[in-house]
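Novice: Sequence:
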Amino acid sequence: MSDDLRWMIERQIPHLRRYAFALTRNRDDADDLVQDTLERALRKWRLFGRKGRLRSWLFRILYRTYIDRVRAAKPETASAEPEIIDRLAVQLPDQEDRAECASIAGALDRLPAEQRVVILLVALDGMAYDEVAELLDVPVGTIRSRLSRGREALREARSRSPRTTLLRRVK
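With full-length UniProt numbering, letter number 58 in the sequence shown gets 58, and the count goes up by one each step, no holes.
Treat the hints loosely; a few may be bogus.
[Unchecked claim] Listed next, with one range per pair, are the computed distances between beta-carbon atoms:
#1 Arg155 / Asp4: 42 to 52 angstroms
#2 Arg11 / Arg43: 32 to 42 angstroms
#3 Leu47 / Arg149: 27 to 37 angstroms
I should point out that these hints are in silico values taken from the structure, not numbers from a laboratory.
Every residue gets a Cβ at the ideal spot worked out from N, C-alpha and C, and that includes glycine.
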């Protein structure tokens, strides 16, 4: 493997891991998914041919690998793990902010997979709509629609969530 290829792929690994974790909600499964993705990408490197964007190509492989695993496995209900909440709240100092992060993570968890994936790719990874459309093999209008519906669902969930009451210290 050339140094250029190694460098280009290594730059994408954090993005792949974050996306894989968002899909699987489990660190070990996410790491396995990224490893399988990289193995497939290296085996099929000649098919890429530098015609498109490496990032989109790798994300597409990761997503299709994930879909293959989901189809092969029994359906399970997944929930936001505490580590997601902890990661979201790392820079948030008070209990109210941590509770809000937990609420947002729960709301993300309840979104349909199509909406959750689009929100995570656009908001978390900063991908452009056309990149996400290429990755998921759907029109850009579908991406906009899923993003809009997902954001609206998150806004509704946030407005429904009860505000935490701060405890006061009484002497």
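Novice: A separate judgement is required for each hint: does it hold in the structure or not?
Specialist: Right, here's what the structure says about each hint:
Checked against the hint of 42 to 52 angstroms, the pair Arg155 and Asp4 passes, with Cβ atoms roughly 44 angstroms apart. Separated by about 20 angstroms at the C-beta atoms, Arg11 and Arg43 break the suggested range of 32 to 42 angstroms. Taken as a hint, the range 27 to 37 angstroms holds for the pair Leu47 and Arg149, whose Cβ atoms sit roughly 34 angstroms apart.
In summary, the structure is inconsistent with hint 2 from the numbered list given earlier, while agreeing with all the others.
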